[in-house]
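A.B. asks: Listed below, chain by chain, are the residues.
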Amino acid sequence: MLTRDIAQALSGRLEGDGSIDVERLVHPNRAERPTDLALAMSADAAGALLNTKARAAVICDRHRPPSASAGLAAVITVGEGRTALAVLTALFDRGPGQEEGVHPTAVVAADAEIAAGASIGAYVVIGRGSRIGPRTTIMPQATIGSDVTVGADGLLHSGVRVGDGCTLGERVIVHANAVIGADGFSFAPDLMTAAAFTAGLTVRRVHSLGNVVVGDDVEIGACTTIDRATLESTRIGHGTKIDDHCHIGHNVTIGESCILCGMVGISGSVRLGDRVRLGGGVGIGDHVHVGDQAVVAAGSGVGTNVPAGEFVSGYPALPHWRSAEQQVYLGRQRRLHDRVAAMVSRLDALEEALNLKK
Amino acid sequence: MLTRDIAQALSGRLEGDGSIDVERLVHPNRAERPTDLALAMSADAAGALLNTKARAAVICDRHRPPSASAGLAAVITVGEGRTALAVLTALFDRGPGQEEGVHPTAVVAADAEIAAGASIGAYVVIGRGSRIGPRTTIMPQATIGSDVTVGADGLLHSGVRVGDGCTLGERVIVHANAVIGADGFSFAPDLMTAAAFTAGLTVRRVHSLGNVVVGDDVEIGACTTIDRATLESTRIGHGTKIDDHCHIGHNVTIGESCILCGMVGISGSVRLGDRVRLGGGVGIGDHVHVGDQAVVAAGSGVGTNVPAGEFVSGYPALPHWRSAEQQVYLGRQRRLHDRVAAMVSRLDALEEALNLKK
Amino acid sequence: MLTRDIAQALSGRLEGDGSIDVERLVHPNRAERPTDLALAMSADAAGALLNTKARAAVICDRHRPPSASAGLAAVITVGEGRTALAVLTALFDRGPGQEEGVHPTAVVAADAEIAAGASIGAYVVIGRGSRIGPRTTIMPQATIGSDVTVGADGLLHSGVRVGDGCTLGERVIVHANAVIGADGFSFAPDLMTAAAFTAGLTVRRVHSLGNVVVGDDVEIGACTTIDRATLESTRIGHGTKIDDHCHIGHNVTIGESCILCGMVGISGSVRLGDRVRLGGGVGIGDHVHVGDQAVVAAGSGVGTNVPAGEFVSGYPALPHWRSAEQQVYLGRQRRLHDRVAAMVSRLDALEEALNLKK
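Protein chains in written order, with my numbering: chain A, 1 to 358; chain B, 1001 to 1358; chain C, 2001 to 2358.
Be aware that a few hints might be false.
[Unchecked claim] Label-pair restraints from in silico Cβ distances:
1. B:E1099 with C:E2023: 55 to 63 Å
2. B:E1352 with A:P319: 21 to 29 Å
3. B:A1115 with C:L2050: 25 to 33 Å
4. C:G2101 with A:D5: 42 to 50 Å
5. A:D292 with B:F1311: 30 to 38 Å
6. A:S11 with B:F1311: 58 to 66 Å
7. C:D2190 with B:R1335: 45 to 53 Å
8. B:A1115 with C:G2097: 22 to 30 Å
9. C:V2344 with B:Q1327: 35 to 43 Å
10. C:N2051 with B:F1311: 53 to 61 Å
11. C:P2134 with B:A1109: 39 to 47 Å
12. B:A1109 with C:R2322: 55 to 63 Å
13. A:P319 with C:E2113: 21 to 29 Å
It should be emphasised that the hints constitute simulated quantities derived from the structure, not laboratory data. We put the CB at the ideal spot given by N, CA and C, even for glycine.
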């Protein structure tokens, strides 16, 4: 890719040679070939440009030292580093590299529809009545159940399991060994609450007849599980991004453009609004509602509803200013105990002086 | 299925037409076809019956409005909603839909025994000496090691891995990508405790020669892992239900009819009694014993033994009344500090009045 | 294996018959056959030797009762039990039992290199340019991407996914359904912190162009995920052991001989030193550094750097003596409140005596 095209894609300012053909994106210290493009998005990395072997570099305006371009044949300067990183990594991503068409070892039901440009890898199994959208890639050994719909331009990695009747939108990415559409964990009586259980009543399984509906532009992490609904749909809204090792229970509804960091656990029938952000390891109890744009700090346990826009933390989760305050006071407990002990001495002295002591 | 048969299966009261043939279970608002059976287990859903397109409905007695049956040709009334839901969803569950017999692509060892009525899916691998029980279904791409026994009427979903020598009882359900029989995490010296580690001694692996024994009627969630024992068996008792993303360490014994919600982590050599219930995200330290019918609240960390029947919560877990009390006092810390500060002023004033101050 | 050879491997003291051929390692109570070797590493187990059906036993010096060898034809006495357990279990481990060579159903790219003595199982897929080292075993249905290197004497279990360009050292063990080299969870703007997100800016994906580099003698648990770096490498140092269900984010560097117990979550760009030990369920926030030989107690949440050698616990994690102290004071809150209330009464009485009350 030519430096001038990269500058244009980044809306950046190009100084020097626009015709250098670069092939790889590297830290300035890692550059080895004339076709490396050095990326300097921090002050440290910008400093390292002085000794880089790269001929071309992308620099973040803010971190640009005066001498940055010393030995470079081309310098592209950008404003916001993180957005530039997104654009650049997209430009240099060569994708999964799997050929178009259906691998001869794939077992595809006779009535399944594989759209033009789709790529179905080795040992993939696709069930009856399922439809795979245009240009969607399914990597080796993934399993697609019956009556599944996967939209256009998707990417399902190896070992992904999509259960019967589930629906994935356009441009959905699912990482390896994720499971969409396992049965919900649901019994009668409700065993985490019912006194009946202790009385030894027979446990009956509530079967999961519903499905999972995943919106457009959703990303689902490796080993993440999303359970199907009892009767209707567990729903993941457009643009929501879910990290590795998350668990999303049955009957859950997640809004649009939410962020779920790694190891988040969402119990049955939870509702998240739009643009909700959950830090790593957050747990949310069943039937809880979390309002639009609420933020839950990493490691928090949420047992009650969270209003829109609220920032909560802790276990049990409270408004963040309150749990932060609690932490401060927790750190002062010894001092408080000492202070109270000192007051007792003073009280004793006072009472003695007044002969109030018995 | 005919409304009269459904009423009978539910032990419910049928009013109206017993010969309506229904095919699908839906919320009253979702009914679209004359073959839909509307399910109204909440007051809201019962209200929605007034406008449903369904001709038949199941109503929970308690939520039944006087006019519920207005436009309906058949109404089945039941007492306990959740049990009815279990029965109904079982009636309408069409199962995995995989044909009986061994798929031509399955690799089954010559001496493995596949019982009558079993269904072995595409690309399943079954090792030497393993036995699959009658009517058990193994979905595509599952791996069964050597000398494994799976009982009758089981269902193992895609990507399940069962290690060599493990045993599963009757009617066991294992969800996609679960792993039964990985090696235990065990080293010499014991690296989480031993001072020897710090001294730089060589770390030696304790190999796992034992197996996992899973009882009858156990359900194991997607991406759950159960490690094999060092010499004997990691055991899961009859009727125990384990949600997605749980981890059960080596040498663990879990009793009968326990409930482990999502993301529970159980360290090595833990013993759970019967009918123990663990909320989501609970962690249990190694060698801990949890007595029969004990309950651990979601998100708790259990480091010490829990007596039978106890309800514990928190990190570290305490009897629930104690951790609840701690939470209450945690919320009053600022008030207490203010109160102590006010007392100091009063003490100062008293001492000044008595000329006790130095 | 003969008792004399076992004694030698253990550097133990043999009394009695050195020519007994044993085949199985069991608890004294489980011995059934003359070829069983009874293992008594605890006082209880040593006591059980009196009634064992085994003819040979290994006893830990410390637990050896005077009469231990009563009915036994051979007794091997060892000093340190846990190390002996490691040696013994290694001796009796028969390994995965998969034949050498490439299974006819494996799909191996034409230019992939499979070294002598390697074993490639049924339905394994290996991509272009990958190299599998001598004597390495890859179990059924694992997926190896393109340009992957796996060193000698490795063992990759069923369903393991290794992404393009990743590198595994010598003697690496990866348990079933683990995922090495999924994409990092990274967006622009950074959605867990950026105000821009709330303003509704477009979310851009930061693509993961880097890889994962796993050192020698590393063990990786079932369903564990290790994400690839953005540009360079996520690194796992030599000798590090990782339990099931861990998640290691992109750009992370883990040192040598670390121990990560089950369900540990490590966010992006974290750096762990050497010989760091993390208890089960620990979470570490992004960009945190944990120094050499630091220990983090189970269930802790680490949001700030941990110095070398420190032992931290709690959420948020503090030096252990501090969080232990906090727990002690937490347990005394009611008493403190009562004490303060009593002092208020005494103050009231004093002020009344002095007529200071308004």
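A.B. asks: Now look at each hint and say whether the structure bears it out.
C.D. replies: Hints, one by one, checked against the model:
1. B:E1099 with C:E2023: 55 to 63 Å: About 42 Å separates the Cβ atoms of B:E1099 and C:E2023, which means 55 to 63 Å is violated.
2. B:E1352 with A:P319: 21 to 29 Å: 41 Å, violated
3. B:A1115 with C:L2050: 25 to 33 Å: 43 Å, violated
4. C:G2101 with A:D5: 42 to 50 Å: 48 Å, holds
5. A:D292 with B:F1311: 30 to 38 Å: With a Cβ separation near 35 Å, A:D292 and B:F1311 satisfy 30 to 38 Å, so the hint holds.
6. A:S11 with B:F1311: 58 to 66 Å: 59 Å, holds
7. C:D2190 with B:R1335: 45 to 53 Å: Violated - the Cβ-Cβ distance for C:D2190 and B:R1335, about 38 Å, lies outside 45 to 53 Å.
8. B:A1115 with C:G2097: 22 to 30 Å: 24 Å, holds
9. C:V2344 with B:Q1327: 35 to 43 Å: Violated, at about 24 Å.
10. C:N2051 with B:F1311: 53 to 61 Å: Distance hint for C:N2051, B:F1311 is violated at roughly 40 Å.
11. C:P2134 with B:A1109: 39 to 47 Å: This hint is violated: roughly 26 Å between Cβ atoms.
12. B:A1109 with C:R2322: 55 to 63 Å: 57 Å, holds
13. A:P319 with C:E2113: 21 to 29 Å: Because 58 Å falls outside the window, the suggested range is violated.
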